[in-house]
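Chemist: Protein chains in written order, with the numbering used here: chain A, 72 to 284; chain B, 194 to 583.
I should point out that these hints are in silico values taken from the structure, not numbers from a laboratory.
Just so you know, not all the hints are guaranteed correct.
[To be verified] Straight-line distance between alpha carbons at most 27 Å, and here's what the computed BS3-like set of lysine-lysine pairs gives:
hint	chain 1	residue 1	chain 2	residue 2
1	B	Lys253	B	Lys281
2	A	Lys167	B	Lys195
3	B	Lys281	B	Lys324
4	A	Lys200	B	Lys195
5	B	Lys253	B	Lys414
6	B	Lys324	B	Lys373
Each chain, written out:
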Amino acid sequence: MLKTEGLHYQYEGTESTLAFPDLRLDRGKELLLLGASGTGKTTLLHLVAGMRTPTSGKVELAGAPFSSLATAERDRTRGRHMGIVFQTTHFVRSLKVGENLALARSLAGCPPDDDTVMGLLEDLGLAHKLNARVDALSVGEQQRVSIARAVVHGPGLILADEPTSALDDQNTDAVLALLRRQAERTGAALLIVTHDQRLKDRMSDRVELNPTA
Amino acid sequence: MKAARLARRNVLHRPLETGLSVLLLAFGVGIISLMLLMQRSLTEDLDRNIKDIDLVLGAKGSPLQLILANVYHVDVPTGNIPLAEARKVMRHPYISEAIPLAYGDNYELFRIVGTEPSYPAHYEAELAEGKPFEAPFEVVIGSEVATATGLSIGDTFYSAHGLTDGTDVHRDKSYTVVGKYARTGSVIDQLLLTPIESVWGVHEDVEDADEEITAVLLKKKNPLAILTLPNLLRDTPMQVALPAIEMNRLTQQFGIGLQTLRAVALLIMGLSFVSVFIALFASLRDRRYELALLRTMGAPPRRLFSLVLFEGLWMTLAGIVAGLLLSRLGVVILGQVLSDRFHYNVTQLAPVAGEFVLVAAALLVGAIAAGIPARSALRIDISNTLGQGR
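Produce the complete structure using the sequences and hints provided.
Modeler: See the structure below:
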């Protein structure tokens, strides 16, 4: 599903270049990207997601070039094939919970499907929040809704940025289980980026990022 | 979800910021559209009532007052003139038609005008009921008079002295309604017409000077009439005034006030666009995460541009619609006031040509005011916006 080769990134106005290990992730598989802060793990996630263009190297998605696509085309491809859970949750505030999920489907080019939206919310124990304002959700609910939004269009690749860093052990397990269950449901690949050492014991496939000199 | 629909939701989600812009625009559009509507009513009305009257002969005094009193029947007359003297002008070879008017009385504040059949004929007034006035103290009433007073054929009434109040009623001679005109849209609708002799008859006991009239409406046969007649009248108590010129002068004096009002309205509109601009920019800063998020979910930059543009257009559209409704409400209220005070009907709600220009211009400027913030939405760096740390 995902393949990266020789990814390098140099921030504008800086001398040092971040070099990243090659990644390979197949459908139905999961990968943990572990690194302390300053190792460029969010940068790598954004490179994988096509939100940044690598200085050199390339990203392939489902066997096709991705990082070399033009911006608009990359946006559309990302929307269709990826679901991203960001570290901080953001929503379209003018829309209700259910509408935020429907919007994600619509932007990904999927036909409207109330049953999928409702089924997903039920699965996350949020069925009663379908018509709630996103501002009215608790932090935990917001995170669960943002996970729902990342999978509602059945993406082939789910990216999660620090999904557990703010959670206690119990909730860390719950969120990880949730991400895994959703990935399994659609047969998606799951890539988690974190500095949270607790996940190390819970995921077997992992890549550690080392601080650059 | 279409960008236009999401834009509408976003606009409705910020009612205060949106509301201020919409309110300002509504007032700007409203004032200008109200002015356009009133201007149409007034010019149509003024022109309809001048209707080929080239000159008005009357007592010396303010020429504008002479016109207002005798063509539009809204001001008091400048005085009376002897019929014998007036005849000299009426029979002048440069004059093709002369309609004498004599008045001084009212019925429930509607003016009773002594005249000849040529007067209603000039305004193409047709009888809806009854017969034309012939004998003294027979009156034919205008359509507004009939509606307002409830007078109908066969009714008799006493006139009240002067034009403005009903306290001093002539009890000796009563008028009889013999006919009613169909609506003409001209001053005839507001008048009670009777032979001149009736007016003389009522005032026989008050003034001994016989056969005086108030004014004569003149049509010229020869353009030289305009130059010749003033000289002819120099040593008489009479003057001629030109309705077209006097009304032009009046609307020009109006014009300064209207221009000021228009400038204020344009200023308000300008402010409203600045406000749309600021509201969008502020909301963009506030929502940069949201917009970046839309990008990550598959919306290309172009789509964010149209989203913000649509938000501006929705606000503009709401302001325009509210403004046009506001101006019509204004016309209805003003029309009520004017028809109560002056028996003038200005309530016309159909769009004026100028309003289409106004709407098009407002949409265009609204699009420009929204376009600049929309362009900045194109340049959002989604990685920097959503990423925290590297």
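Chemist: The structure should be examined with respect to each hint, and the outcome stated for every one.
Modeler: Results for each hint:
Note on lysine 253(B) and lysine 281(B): the hinted pairing holds, with a Cα-Cα distance of about 16 Å set against a maximum of 27 Å. As the CA atoms of lysine 167(A) and lysine 195(B) are separated by approximately 16 Å, the hinted pair is consistent with the 27 Å bound. Between lysine 281(B) and lysine 324(B) the CA atoms are separated by roughly 31 Å; this puts the pair beyond 27 Å, and the hint is violated. For the suggested pair lysine 200(A) and lysine 195(B), the alpha carbons sit about 24 Å apart, so the restraint of at most 27 Å is met.
Distance check on the hinted pair: lysine 253(B) and lysine 414(B) sit about 23 Å apart at the alpha-carbon level, within 27 Å; holds. A distance of roughly 8 Å separates the Cα atoms of lysine 324(B) and lysine 373(B); the hinted pair therefore holds under the 27 Å criterion.
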